Amino acid sequence: MKLFKSLSVAAMAIALVTTSVSVAGAASSLSGKIVINGSSALLPLTLQAANEFKKLNPKVKISASAAGSVTGPQSVRKGIADIGAVDWDASTDVPGFKKFDGQVANKVAVIPFAAVVNKNVKSDSLTTKQLQDIFSGKVTNWKDVGGADADIIVVNRAFGSGTRVNFQMKALQGSDFLSKGSNYKEVKSSGDMKTAIETTPNAIGYIDLVYVTSSMKALQINGVAPSEANVINGTYKVWGYGYYMTKGKPEGAVKAFIEYIQSKKFQNGSLKKLKFIPISAIK
Amino acid sequence: MQLENTAQSTLVGTKSSSTELGGSIKAGSGKKFDRKNRLLFYNRFFKIACIASAAFVCLILFSILFFMFRTGILTFRDVSPMTFFFSSDWSPENESYGAFIFIFGTFALTLLTLLISVPLSVIIAVFLAEIAPKWMRNLLRPVLDLLVGIPSVVYGFLGMTILIPLLRDLTGTNMGDGILAAAIVLTIMVLPTISRISDDAISVVPRKYRDASYALGATRFQTIFKVIIPAARSGIMYAVILGMARAIGETMAVVMVIGNTPQLADALFKPTSVLTSNIVMQIANVPFDSTWNNALYMMGFLLLVISLLMIVIVRLFQRKGAQQ
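Chains A and B, in that order, give the protein sequences. Per the working numbering, the first sequence starts with residue 18, numbered consecutively. Per the working numbering, the second sequence starts with residue 3, numbered consecutively.
Worth flagging that the hints you see were computed from the coordinates, not collected in a lab. Since the structure is predicted, the reported quantities are computational estimates derived from the model, not experimental observations. Hints are supplied without guarantee of correctness; some may be wrong.
List time: in silico EDC-like cross-link candidates among lysine to aspartate or glutamate, alpha-carbon distance up to 16 Å [to be verified]:
#1 K289(A) / E69(A)
#2 K160(A) / D141(A)
#3 K197(A) / E95(B)
#4 K95(A) / D291(B)
#5 K115(A) / E97(B)
#6 K197(A) / D91(B)
#7 K197(A) / D291(B)
Turn these sequences into a full structure, and let the hints guide you.
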């Protein structure tokens, strides 16, 4: 009981520190049910936060699942979920998806992405223009972008993927993807992307930075290497926020949960361990 | 106890002559819910439970068909059937919903799979049933049975990590993804099914056919191809259609090796897409209640209809086989 009390005091303190609004009240007396659905990229983060949050607030029930990014805001609109996790700001229009009216986007994490190539590719760095040309199918041979004479294999995520939306907005600055061709294929998940890039010579694709392994090569974009430090110092532009969408302003347990995940303790602790970047790190 | 024994022996003794079960038991012990009424009640109750279970199965089948159809048919509010079935332009983000590529891809893939797998499986079946020594037969049959049980995602994963790089090295293509890779993976998947059922069909061909054939001076080769296989034809067709049904509905293994690009499968090594792989690639990412969503349901309904048709054909073959 004593431990419990001290924990709840700690939670209160966190809530007070991180938010200017001090209406969080006694966190331990919170009760309710939070249903979270949406992006699979954010699921590990959600699960970790849910576990910690449930220890502080035993009366709150949290159930989290993931399907695809767009199911997040859709479930919220239909009233199936209280929080829709999504890899883009679903309260605005993005390529391919209309905005969801009446939903509030709450930033929870920073997710960096990298353009990756198979190990056999000679190029180390591409410009935005070169990336646009490759992913739109204008350039089809590595020699045109300073590499060896070989066809470029473009590996893309399926339409609707959050990673795809972010890469298109940030790395390609909104330019279109090609959709056909004998050297083009689409994959279903980040895991499939990883396998495809690792095993296909001359392949180029893109992936969350945390998925980059030593058996593929992450490209510099406009001469800047994809790294956490470069995201924080503002030189590497290809990253996006992970969002929790809520119907209107979050209230009650949902609000407390979002505040917990935005708290300094969680952002600099568990969130960093899961290789996301804290939102406060971005200026 | 004594009473019960007597009652039981009466029951056993007159069972064959009575019209209804328990008809011979006399009521009259005084209790309202006596042994006879109890028995009648249980009989009736059990009958109702059985009928209800059977009805439940039918209900499930029809509600699946109904719900798929109900959502799928909404497609034709926004897309004409001509476009849906015969246009090969699938780009839902630009409101083009031509599913021809996927329908064609499904049939092309199934056909290619059967072209590779049927001759192989029949030869394996003939070997198992006619040629293999007994110890080998006893070893191979369980091995084939085990192969049937391997989850399809395992086949897909191996296809993606081993088969595709191998195809790339052998043929010099850039990617290796396409219907050939998918057909090879599916062949490995349906091979055990087709060969085991064909094996059973060949094994039950009466011994006298073989004896008669040999007595007429036929060689073993002639006996197998002119007598035994024709005699086992309906069983082999049954096996082929079961294999076909599995190939058409297979999703996980296919999606990992086919390339998932909406373009017509006019070459063996060209990334393409089939009904199943396209549904699983896109369904998680489409907005609810959109034409896109409905079109995917329509594609699912098509798959359902195709596989139901196959089952009907299988039943016809079974009946034909039984008549022979």
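Hints and how they fare:
no., hint, in the structure
1, K289(A) / E69(A), "holds, 15 Å"
2, K160(A) / D141(A), "holds, 13 Å"
3, K197(A) / E95(B), "holds, 14 Å"
4, K95(A) / D291(B), "holds, 11 Å"
5, K115(A) / E97(B), "holds, 14 Å"
6, K197(A) / D91(B), "holds, 11 Å"
7, K197(A) / D291(B), "violated, 27 Å"
Violation of the numbered hints given earlier is confined to hint 7; every other hint is satisfied by the structure.
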